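Visitor: Given the coordinates of chain V, work out where chain C should sit on it, guided by the hints.
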Amino acid sequence: MSFIPSLPVSRSLVAAIALAIGSSVAMGCVSDRPSRNGVFNENQYLRKAFLVRPADPGPDGKPLEDTGWLLKASIMQVSTPNLLGGAVFGVFPGTENGGALVRFKITQDKLEMVNQREFSTAVAAENTRVPEVMNAWPLTNVDLKYRVNLDGEKTNFYEENQELSWDVRQWVKLNFAKNDMSDLAPFPGMQDVLAQCVDMANSTVTLVPNSFKVDERNDYFEWTTEMTFPVQLTNQACIDQYGLRGRDAFNIGKYNQTVTLKYSMVRPERLTAAPGSNNLEQYVPLEVGEKDPIRHKYGFFDWIAWNRDTTSGLVAARQLVIRWNTKKEFITWYFDPGFPEGYKKFFVSADPNDVGTVMGHTNKLLADSGVRARLRFLNANDKDTFGDKKLAGDSPDNQPVQYGDVRYSFLRWISDPDIQDFFAGVTQFVIDPRTGESVSSSIAFNDFAIKDYYVQRIDAYLQTVGASLDVNSPDPWKDPSATCKDGDTMPIVQAKVASNHNGTSTLYAKMQQYLQKPVGTFGNLGPADFTVKQDADFDRAYYALLPYYVYADPDSNPFVLREGGQGVYGPGQVWKMVQDESEFHQTMAKIDQGLSPYEDVTGPHGLDNALGFLNRFRDLTNNHKKLDRAIASMIHPYMHFDAPSAFSFEQIMARDARHCVPDADGNLHWETKEEWTQNLIDTYWSQVAWHEFGHSMGLAHNFMASIDKPNFPHYKDKQGRDHTGLYASSVMEYNAAPDRIFWHAGWAPYDQGAISWIYANDARGPGQGDSISGQSASKDAKFVPPWKDPNGFNATGEIQYLFCTHQHIPYTPLCRQGDSGTTPSEIIANQIDAYEWQYTWRNFRKYRKLWDNSQYAAAPANTIIDMRRFVSMWIFDWNSGELTDSLRRIGIKNPNPKGSDLQYYTQLSNKFNAEASAANQMVGAFHKAVIQQASGERPYRTVYDKYYGDVTQQGIILDKLFAMQGWVAMWPTDNYDPNQAGSYIASYSGIGDDSYTTVAEDAVDSMIGGQYDVYPYFVPLAVAQFAQDTHSPSFSGRIDVRDWIGGHTFTRLPDFLDYFRDLAVQTNAMAQNPTLYAGCTAVATCTYDPRGISDNHNEFLGPDKRLWIWSYVPDRNQWVAVQKERNTASYVIVRNYTDDVIAQLDDGAHPGGAYGALLPMKYFLDSFNNFN
Amino acid sequence: MRISTRLGVLGVFFGCLALTGTASAAGGGGATQAGKGSAEGRGGAGPGGAPGGGGGSTSGVGPSEGRNPDVVRSDVVAKKPWEVGGTWETHRLIRQNDVNNSSKNLNVLGAYAQYDITQYDRVKVRAFLYQRFIADDGETGFRFDDMIFQYTRTIPLPQKFTAHATGWVTAPTSFASQKQGLITAPRLALDLSKQFGEYVTAGVRTSGDALIYKYRTSEGGNYNPKYALRFGADVEVVMPFHKALSIGAGAGTGYTWYYEPNSTNDPNPQVQRLGVTGDPYYSTQPIGQTYSGEIFVRYILPNIIGVKSDIVIAAADGDPSLGSVSVLHDGVAHFYPGYRQTAEVYGTLAIRY
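Residue numbers (our numbering), protein chains in the order written: chain V, 1 to 1172; chain C, 1 to 353.
The following block holds chain C by itself, in its conformation from the complex:
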């Protein structure tokens, strides 16, 4: 098993959901989660991207799922078919005194359970909980994210290549998904990784998402994403002098297609009566493109009576937990690394048994 990185590929998907989330609630800052420190990225719709660039999609980067820190440790542990685990993440924007970005800190709690049906087949269920430090009166600041039900097929390949094919569906347990009218978000993902020597692991991945909604729009008026396509690559290097320590980097990009406003079918009688003027600037719904990247340091903690853990400290830009980053929307905004509303540092503690 290999160590997972911060921006699990699942983040790509969650990022696309975040795009259409309740943007105003997060004030542009609150995208959601990636499975930093955890064994895998996590799913669910976060509080959403901000309008005007906050659509916190990301292309999750980092090694593909299944990279198990245990492999790095080379501890041969008796293989059991099931595993449970949890993560705690804490995010902090680098720029704290910026205006118009009220959500500058964020915690994410995650839990999962998995079962290996065969050597190559795994099913898994995951759930997450956010904690934001802004809330309306009477709110706790905690909100659930969507639950994920996934199946992964591991495909060993020659030359130390490993491929994973994953499919999942979600349950719309998040506030944002309910606002969006999300029914489920099926996804197909494929990643390919290779270990180079003893200390270096690299991988590339892609995923495609189809989002199934009751409505094309969320309650807030934003149009829901329709499809998403993501690409990413990462590399992680274990320190030879201390194999519990590793450093890594990842980058990714993604594309999101949105539903078009449909004046013909709009049930609003006013729209039916009057129709809609075509927009000379935006004749079609733009395709959202996002970028992300991070560098991180991971340290694997000692195994204590079968409980494994690791911590990660990372600097990231484009973590979907904080919404969009470096969004390039048909030329409206430009690639901008270190964007003040998304550049962050975060730490992750992951525990599993």
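Isolated chain V, as found in the complex:
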């Protein structure tokens, strides 16, 4: 029985259902109220599972090892003046660590950054291995939760939680504040040297606010710390390294250095097993054998993956080429905000195929290589194409990319003049140490005072020869009436300048005299006039031989440690070298200030002291020579600096020109002064840009590119005229050619070959080569070279490029930085030109407010050290026998099939000899000319303003000192083929042809026995050096040269007389002249006395028919006798004395009267007798 009305029930149900549905819908709209924050937002938290991630499952299902993090540490900002911006410390905005593979280890109180790289695999069961901790930060292990009340109900109070054991808590709270410099751990070399010069105990580190950023979705995080460290003011070596910026800092009382340091980390890609991998973008390492011949042809950066062979237990290594992953679609570069808009055109233009841009030309090479990737350049706020500005920053996923981010490659412009001035450009990498892949890269351009550095110097020089460019004048240049055509040039400096230049140079005038081409007969000549104009035969043989004259520094070889070699360039040694460099400059300062570098010049210990100084000086000079290389190789191994001085252009006055350029409407006109100046600067930076980008593509420096004339790039103007685009086969050269500026931008032939080789190969092929580079010189079409070399061959076969790089410089004379010219004589001539050009700038204050000559000694030292290097080549490889042998072995043939090869080799040898002789004669003449500069020409004393004390002219005593030691001293052959070690070379003994010998001996003779303007201690140094080295058992060649400073000293008059009477007896002189030699059948009866037959200069013809000169040294009660022909230098000294004192013909050359003239006799004979 039911009495329930149906309709009301139905309504109720409907209402109930409606209420239920409505409620459910309404509940779905419930919002989340912001939780109550119990977590300090200034705390820095990281999820452990993010930091230390059990990696992806391996093939067996077990987790693979943590791939770790790829770390890039970058110095982002530096306080100014930057004391630590020099080459030794390398602290500037943009210093990077080169990448490191790390992982994290979490303890109860520290977050440890652990080096992921292990040398070998340890046996886990033995438990003997613990990973290296690179850096660590204090932490607290926490969980971050909503609070749960005791009933287990979750509230929305967000808080740290510690109820679980520390090791299972899921977050770490980091504390970045420190009082040490351990954050510099990713820069081990830098950290080492900084520790010498900063007060580590008073350093502070704090996190830069809002810099801690975590992007878990993209496996990325970063933070920036601010570090401050007081600099040390008591260590002279440090002060030297602070350089000019140190002085600036002290002037304004800033004794701390503050920097900000960014750590940027991303998880590297997993190295899945290549077989079967579907990852088409997986990077494939390119391994090149230690002695693969291709290393002769192309220079690329090696990443050496060291490890221990699991089978043998021996140390093993793979040499992997550092390069981009071209399996991906793009190699993307970003312009950092602030990069000059006008210079972006170097890299990218509207035409993506424009080979005048880095992008267009490089993409062509990548296409040649057959790879997928292409370069692209974007602004930091571009997403896909240049200028699209799609990364507007209006959402978290739309943020512009930031410099310092390990994932991105940046082009950065630095123009803060107080930051540093030791480089023009630097390229750095983040390298995946497992593969050598360049994950990202950066290029920093340092906008130093280029106008001052170059334009003003040019003008300053030209003022001295009466041809100023008037660059500081508001008046425009006058245009010629004729219109110009594309490709036309007009020398800014007319031919008369060269003549004026030569005519006003006291250096050149003397060289001309010493080289037997007096002005009166030949007119004013310059070094270029002494070069040898070689023919095609010479060129053919020369360029065929040069690849064989490349010698590496054994200490730079990473695989063989010779005796003592391990520590030569170790970090500890580098600082020792820095300290020695400081001593070098302190010693130079003493000399520059007119003080004697050794004590007791004329006293009983004078000789010992002089020799002590000389030998130490020689060591310090050698150290100076090696220091730059040591710094580069040990402290900043993966920073590729290019110093401003590397891009000098000393011949620009004669060889560069005003150009015919189009205006905005395309009408051609001659460059105005402003246009010329601006184009000079722009093209300079253009060259830096291409050079640095070459590094980023994996190219090493090539210091033989300026020699490699057959591969210089050429282009044609619109008139069809041929021009040389660059006087080098590669932009990776530090060439000093004038077209460093106003060059024709683009990869040079060597660069094209090298880049396309790097990217065309993933492995060496099975083919075999027969050329020096291991490719093929064969014309046989079936001959397959081992490497793909898209731009390494032409229609006639393999192109043989010349290549050498840093490790070859010390031992390879033709492997030079900053040189120009293709043959030794051209190189030396240009080097002398450079010295002369720089003299006017280096030695005069000019307009400069601050004139820093504190490192002056480096300039003449570097020039003179470098000059003597061709001597070694001449001795060991360019002597006739070696040349003939070499020419035969490499297959040079007489082009005349009917001619004799041997005869042809003789002809060639003569040409090589002429070349070497010309070069080295110029060197000898240069040394002598420097020494012989009179005070009225180039004062050796530094000149000061009497009242204000400022240096107004730098004296050249240091130039003279280096010239003297460089020429007089005997040097070990540590600058050439290491297989010649143990040999010693004196520039004037046993070398080369007669022409050279004449110049060389004349030079040394003048240094030890001539008269020239120097401090009184100077000549005794030369004599002591000569005496010591010519008496060395290592001295080769003409042993008799040691007698140049020799002679006979007698402490009693009877001994003096008996010496000659014995000579009369021995020569049976009485038979010739019974009167003069009466009784001279025996000494006891002989009455011969040379004093009676001497002229008023104490010269006489001895019983041996030789010309002698004698003198009495009253304060020693000694008699001196010197043979004119044998003791040539001593003769001059004694003759000076007898002229002045005996004949009363004092010419004033020896201040101090008789004493002044007597003194040289003492140290000559002391030196000689000490060793003889």
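The set of hints was computed from the structure by calculation and includes no laboratory data. All figures in this text were calculated on a predicted structure; none of them were measured in a lab. The beta-carbon is built from N, C-alpha and C at its ideal position, and this holds for glycine as well. Some clues are possibly wrong.
Claimed, not checked - FRET-style restraints, in silico, Cβ to Cβ:
no., chain 1, residue 1, chain 2, residue 2, range
1, C, W82, V, G38, 46 to 56 Å
2, C, F133, V, D397, 51 to 61 Å
3, V, P340, C, P267, 36 to 46 Å
4, V, N37, C, Q96, 35 to 45 Å
5, V, D109, C, Q96, 30 to 40 Å
Guide: Just chain C now, kept in the frame of chain V:
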């Protein structure tokens, strides 16, 4: 009409609200109200359950709404379609010297008005006022509870069974509801009762609640309940020797589901940035389960010029007016009759016209 009992079924709902109330204000003692002595239970969010077990949910027990004492009296009164009434309750914890339970006494004032649209359809509005004897300086100790707007359908069934279907919504007039961000709390309830002979009445009931909030959490940080489901049973026996006097007992249990903390949508930027660690002990928000029970004595006062009244003296455990009782939260606390913070005696005076 039959006599209502202390723990009207509405208390189930209010109890669930109390769970999420401002727990700290009550110090764990102050759950809210049931319609003791009144004709019906009442709604609204009380001062809230205490943290750590004080979430004073209850499953209201006792006879379902509509049990009219008039029926017991058998007074045939001319039926008028409307009625107004009020209640006064006074609660006292049995254990007064306990620590950490500052709210040991509580008064509740209630008022209602109802209208019978038909014989079977009734609409009703109710409001309540608390008086606690603890307050901050400047406070009176009085606070409103939520107002309730309800509709009830009475469904007579054979065999002296009667069913009621009720739906209601609330207006968030209470302090706690405002702190919680409650918009309204719709509810559906169904009860079934049967009279056994002349003196015994028994019933069972269930209800389900969906709570609609602006926010998932209250301002205090606690997470708001999402759903509640209650079950209860009661029995009341009229004394044959004096029909104005009756005794009864009731028991109930209830389940409450809460919103989960949601780190994904948490507007707190710190949470967005860092995320939230999962809790190994409490992977999900626990389901709250409550128990309640009481025994009572009711006495119906004489009808004076149409004004009816009754008084109730009861001993209860789990009265939502005092917060939770015998809470069992996923094993954290255990069933515990006579819990010192909720065991009470109370008296009710209900008047209606």
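Visitor: Range first: 51 to 61 Å. Now tell me if the beta carbons of C/F133 and V/D397 are that far apart.
Guide: 57 Å, holds
Visitor: Look at the Cβ atoms of V/P340 and C/P267 and judge whether their distance stays inside 36 to 46 Å.
Guide: Holds - the Cβ-Cβ distance for V/P340 and C/P267, about 44 Å, lies within 36 to 46 Å.
Visitor: Has the hinted range 30 to 40 Å been met by the Cβ atoms of V/D109 and C/Q96?
Guide: Cβ of V/D109 to Cβ of C/Q96: about 50 Å, so the range 30 to 40 Å is violated.
Visitor: If you check the beta carbons of V/N37 and C/Q96, does the distance land in 35 to 45 Å?
Guide: 39 Å, holds
Visitor: If you check the beta carbons of C/W82 and V/G38, does the distance land in 46 to 56 Å?
Guide: 53 Å, holds
The structure is inconsistent with hint 5 alone, although it conforms to all the rest.
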